[in-house]
Amino acid sequence: MRAHRALWVPLLTAACSGGPLPPATIGSVTPMVMIASQPTQVEVQVDVVLSTQVDYAGGTILVQSGLEVHVGPEELGSGTYPPGGLVQGTLATVLALGTYDVVADLEDGRRAVRHDVFTVVPGTWPSGYTVDPVGDQRSGVPFSVTLRATGTNGPTFEGNVLLGTSSGGEVSPAVSSAFASGVCTQTVTLTGAGQRVLTVTDIAGNSGQSAPFTVSP
Amino acid sequence: MNLRAPRSLGPRVRATVGVAALLLSRGASSAPQVDAEPSRIVLGSGVRVRIAVRGTGGELRAAASAGTLEPLGSSDGATRFLWTPPEVRAPFLAVFAFWEAGPLGLRSVTTLTLPCSGRTELAIDTEPSARVTVEIGGAHFGPRRADARGKLRIPVEVAPSAHEARITAEVGEQSKVRIVPLPPIPSPFVWVVEPSPLRSDAEAWALLVAPEPLDQRLAVRSTPGRLDREAAEPDRILYRLTVPPGATSLSLEAILSGETTPRATAQLEVQRPPEAAPAPVVQGPPAGRRLELGAAVGAFIGGGNDVGPAFAATLSAAPWPIPLFLEVELGVRAAWFSTPVAGLGTATSSLLVFPLELAVRGTVWSSGPWSVDLRAGGGLLLGTSWLTSDFGQTSSQALTGWEVFAAAQLLYRVGAFLPYLEARGAYAAATGTGVTSHPGGLVLLLGFHWVASSFR
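Protein chains in written order, with my numbering: chain A, 1 to 217; chain B, 1 to 456.
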């Protein structure tokens, strides 16, 4: 869970009293269906009364605006309450086929859940991927790499893929940016040192890899 | 030559005090200047004297030792009087006094002395057919010739300053001179009194003015009352006049020892002091059982944003005959403020609190319509807080709390109404879900109590 991002105007010391706030609810999820191979802009309406602390003596109003929304395992939005409670974000093509819960977690601990409200349906995938040659790199230093989708659907592919390495170390990010017309120029960072191969995989099982290259410490 | 001196030229002049007053319009205040026309008269001639007084700025007052002094009004910067001599024939010096209303001093009174000569006939016995002349005080009368029996009568005028008559009888080449002393004729004095009319509760002054130097033979008295000599000049003496309580009139008298008739008397009215204004219809701060309704508006200053308007309605009851009230107060207080919330926008909080309190109020000081009451009490605070924002958050919360206070009221009684100013020190705390406020502190209220019923 991400760290709370409470927007403390100043710190409050006064205690508050009173009953609990009303529960948060998820009013709508739009759209409710996603094609597995197409990144999808999703809007989740979270209806919530944020927890506030008003201190007249100090002239402060504290709002606990931390709000994390997940569609299945994927986080949506910026992590804070947006004006009007409409959380927006684009889901990468990393969700397997199936139905998912949409969950909103508030900073004050309240949670809203819409079960099985979001469905991922089959899409069309490239037959594979290629990675343009990668020169020797230094560990922890970002570098650019070009990914290309191949096969019949390659030129029209606009989804995301999973990035990895073949022999230890970490690659960041783990999910690529969206392809554009079958090409994705991605900045990645590798850790560790040694001979490496950058792997590219989509959730449909199609993959590709780069030629070996050396990552020096 | 025998001469019958004019021992008595008529009824003796009786000193009286006549006071005339006119309110002058001129602002200058100085010793009055007095002119009289004519400057001397002969009694019995029907001549009246016109007197003009100039140089006064206040309420001019005047008095004459004899006769009647009549105000004629003001014109050309002068206040004019007409003096009519008394119906007497004996010569005397009339004295007039002019002053402005106010405390008397020796120099605050301007006097005018007017010689009044008497007219009479001298009956003379002398040599038959003698030629007779009379000289009195420089004035000559005659000559007249005696009859065959040596008798004649000569009309003469006797000035008040004349002490003798010089009679000359001529027969042939011979002449006889006879000097006959004239008996002194007393001239009246005049009393000048301030204030006019007298008041038993006010300081009073009496100035005795004479047309001639006063001497040790003078005796004065006030009936009732007392005269205490304060200052003197040869022709005037200033007295402090003490008016006894309850006196409605008072007489002053000045007499010289050896004389039987006072030189000056004055009959004065004494005005009763104005009675104290009746007490307000409603008894001075609370006396008796009472029921009051009240309302007040003002503000509270509790620190920070705990600031806002305040209103209170009170029901006060004193079920006992002492100025101690039990009170129920229902109030309203409001406060609000806005502040930016980082990353979201601006939020505004408003609250409305209703104090429901019990109190005790008692009067600790009163003077006339004014009084000071002290109050103490406490109670519950019930209210609501609202939060609005420009980022889509709107909520309301219930507030509860309590307050204790002590206050002082300055009241002014106007019939059944008692407007008051209250200064209250209050500790108040009101909290709700996520809201904390102290809607107390210094509470200033302007209000009133209305006596709804009063009974004993």
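Treat the hints as calculated values from the structure; they're not laboratory data. Keep in mind that this is a model prediction, so the values were computed, not measured. Check each hint, because a few of them may be wrong.
[What the hints assert, rightly or not] Each pair of labels, with its calculated beta carbon distance range: (1) B/Ala317 with A/Gln45: 54 to 60 Å; (2) A/Thr30 with B/Leu358: 30 to 36 Å; (3) B/Ala317 with A/Arg111: 53 to 59 Å; (4) B/Thr346 with A/Gln41: 48 to 54 Å; (5) B/Gly425 with A/Arg111: 31 to 37 Å; (6) A/Pro73 with B/Ala334: 21 to 27 Å; (7) B/Thr346 with A/Pro155: 46 to 52 Å; (8) B/Ser338 with A/Val175: 41 to 47 Å; (9) A/Gln45 with B/Leu358: 56 to 62 Å.
[Said to hold, decoys possible] Away from chain A, derived, C-beta distances all over 10 Å, residues of chain B: (10) Pro71; (11) Asp76; (12) Arg119; (13) Asp215; (14) Val341; (15) Leu344; (16) Leu358; (17) Asp390; (18) Val435; (19) Thr436; (20) Pro439.
Here a beta-carbon is modelled for each residue, glycine too, at the ideal position from N, C-alpha and C.
Assuming the hint says 54 to 60 Å, is it satisfied by the Cβ distance from alanine 317 of chain B to glutamine 45 of chain A or not? With Cβ atoms ~58 Å apart, the hint holds.
Beyond 10 Å from every Cβ of chain A: is that where the Cβ of valine 341 of chain B lies? Valine 341 of chain B not clear of chain A: closest Cβ-Cβ about 5 Å, inside 10 Å.
Interface exclusion of proline 71 of chain B relative to chain A, criterion Cβ beyond 10 Å: Given a closest Cβ separation of 77 Å, the condition holds.
Just want to verify: arginine 119 of chain B was marked as not at the interface with chain A; is every Cβ pair farther apart than 10 Å? 105 Å, holds
Could you check the hint for me, namely that proline 73 of chain A and alanine 334 of chain B are 21 to 27 Å apart, CB to CB? Violated, at about 49 Å.
Looking at valine 435 of chain B again, its CB stays over 10 Å from all of chain A? With a cut-off of 10 Å, valine 435 of chain B comes too close to chain A, as the shortest Cβ separation is near 5 Å.
Would you say aspartate 215 of chain B is clear of chain A, with no C-beta pair closer than or equal to 10 Å? 90 Å, holds
Please check whether the beta-carbon of leucine 358 of chain B is more than 10 Å away from every beta-carbon in chain A. 24 Å, holds
Against the range 30 to 36 Å, how does the distance between the Cβ atoms of threonine 30 of chain A and leucine 358 of chain B compare: consistent or not? Given a distance of about 57 Å, which is not inside 30 to 36 Å, the answer is violated.
Given as non-interface: aspartate 390 of chain B, which should sit over 10 Å from chain A by C-beta: 8 Å, violated
For the pair threonine 346 of chain B and glutamine 41 of chain A, does the Cβ-Cβ distance stay inside 48 to 54 Å? Hint violated: Cβ distance 29 Å, outside 48 to 54 Å.
Going by Cβ atoms, does proline 439 of chain B stay more than 10 Å from chain A at every point? 8 Å, violated
The structure fails to meet hints 2, 4, 5, 6, 9, 14, 15, 17, 18, 19, 20 from the earlier list, while all remaining hints are met.
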